[in-house]
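A.B. asks: Take the sequences, apply the hints, and build the full model.
Start counting the sequence shown at 1; every next residue gets the next number (the working numbering).
These aren't lab readings, by the way, just hints derived from the structure by calculation.
Heads up, a few of these hints could be off.
To be verified - In silico EDC-like cross-links for lysine to aspartate or glutamate, where the CA-CA straight-line distance does not exceed 20 angstroms:
| id | residue 1 | residue 2 |
| --- | --- | --- |
| 1 | 10 | 36 |
| 2 | 11 | 57 |
| 3 | 37 | 56 |
| 4 | 122 | 57 |
| 5 | 122 | 87 |
| 6 | 10 | 68 |
| 7 | 18 | 57 |
| 8 | 18 | 36 |
| 9 | 109 | 99 |
| 10 | 11 | 36 |
| 11 | 26 | 36 |
| 12 | 86 | 36 |
| 13 | 95 | 128 |
| 14 | 86 | 22 |
| 15 | 109 | 68 |
| 16 | 18 | 56 |
| 17 | 86 | 56 |
| 18 | 95 | 54 |
| 19 | 26 | 87 |
| 20 | 10 | 87 |
| 21 | 86 | 128 |
| 22 | 107 | 68 |
To be verified - Label-pair restraints from in silico Cβ distances:
| id | residue 1 | residue 2 | range |
| --- | --- | --- | --- |
| 23 | 138 | 56 | 34 to 42 angstroms |
| 24 | 71 | 2 | 42 to 50 angstroms |
| 25 | 45 | 111 | 13 to 21 angstroms |
Where is the CB? At the ideal position from N, CA and C, for every residue including glycine.
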Amino acid sequence: MNQILYRTAKKEDVSKIKTLTDGMLKDTGLGVATVEKISQLVSSPRTLFLLAIDGEELVGFTCGILHENVFNDVLRVSDIGVYVLKEYRSSDIGKNLVEQLEAWATKNKATQLWLGQTTGEKVEAIAEYYRRLGFKISGFNAVKEL
1 MNQILYRTAK KEDVSKIKTL TDGMLKDTGL GVATVEKISQ LVSSPRTLFL
51 LAIDGEELVG FTCGILHENV FNDVLRVSDI GVYVLKEYRS SDIGKNLVEQ
101 LEAWATKNKA TQLWLGQTTG EKVEAIAEYY RRLGFKISGF NAVKEL
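C.D. replies: Put into structure tokens, the structure is as follows:
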């Protein structure tokens with residue numbers, strides 16, 4: 001593993017992001033990401049799409065959206081995803097991505113950062129990981145196909 005480069009996504013990164021999100025969403029029932037939706041996220045001023053790059057390879061990302069809570073004016077950032085390739089998960093990449101998302105949220109005056117777990121993969125392990133990063137677990141996701 002080389003020195004990991006962290007940077008904001010650009011339009012030129014969309015196809016690599018699509019490949020990585022396809023891996024993340026595989027077997028989840030969430031479908032696949034579209035190039036159009038990824039492009040919208042990358043270009044939105046209310047979104048941070050942060051990449052982790054090893055050499056030329058995209059090995060992880062986080063994406064968060066700045067918005068108001070639906071019930072009040074509390075400004076928060078909710079994640080669209082935090083994902084690191086399996087072979088890089090024993091590194092600090094995930095932690096660094098979350099910390100940089102948190103810094104961006106703070107810079108943008110958000111008072112809350114919400115991270116979810118929608119892939120269904122290792123739910124308890126991910127909950128414990130988020131606890132170690134200072135988060136409290138609040139609820140869960142439930143899905144019913146219609």
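A.B. asks: Regarding the pair residue 26 and residue 36, is the alpha-carbon distance no greater than 20 angstroms?
C.D. replies: Roughly 19 angstroms separates the two Cα atoms, so the pair holds.
A.B. asks: Quickly compare the C-alpha distance for residue 107 and residue 68 to 20 angstroms and report which way the hint goes.
C.D. replies: Judged against 20 angstroms, a Cα distance of about 15 angstroms means the pair holds.
A.B. asks: Residue 11 and residue 36: Cα distance at most 20 angstroms?
C.D. replies: Holds, because 11 angstroms separates the two Cα atoms, which is no more than 20 angstroms.
A.B. asks: Can the restraint linking residue 10 and residue 87 be considered satisfied, given a maximum Cα separation of 20 angstroms?
C.D. replies: 24 angstroms, violated
A.B. asks: Does the structure keep residue 95 and residue 54 at a Cα separation of 20 angstroms or less?
C.D. replies: 16 angstroms, holds
A.B. asks: Is the Cα-Cα distance between residue 95 and residue 128 20 angstroms or less?
C.D. replies: The given pair, whose Cα atoms are some 13 angstroms apart, holds under the 20 angstroms limit.
A.B. asks: Between residue 109 and residue 99, does the CA-CA distance stay at or below 20 angstroms?
C.D. replies: 15 angstroms, holds
A.B. asks: Taking the Cβ atom of residue 138 and the Cβ atom of residue 56, is their distance within the range 34 to 42 angstroms?
C.D. replies: Once the Cβ atoms are compared, 38 angstroms apart, the range 34 to 42 angstroms for residue 56 and residue 138 holds.
A.B. asks: Measure nothing beyond the straight line between the CA atoms of residue 109 and residue 68; if it is 20 angstroms or shorter, mark the hint as holding.
C.D. replies: 11 angstroms, holds
A.B. asks: Against the 20 angstroms threshold, does the CA-CA distance of residue 18 and residue 36 hold or violate the hint?
C.D. replies: Distance ~10 angstroms between residue 18 and residue 36 Cα, so the pair holds.
A.B. asks: Given the hinted pair residue 18 and residue 56, is their Cα-Cα distance within 20 angstroms?
C.D. replies: 16 angstroms, holds
A.B. asks: Does residue 68 lie within 20 angstroms of residue 10 when you go C-alpha to C-alpha?
C.D. replies: Answer violated: residue 10 to residue 68 is near 25 angstroms, above 20 angstroms.
The structure shown violates the earlier hints numbered 3, 4, 6, 12, 20.
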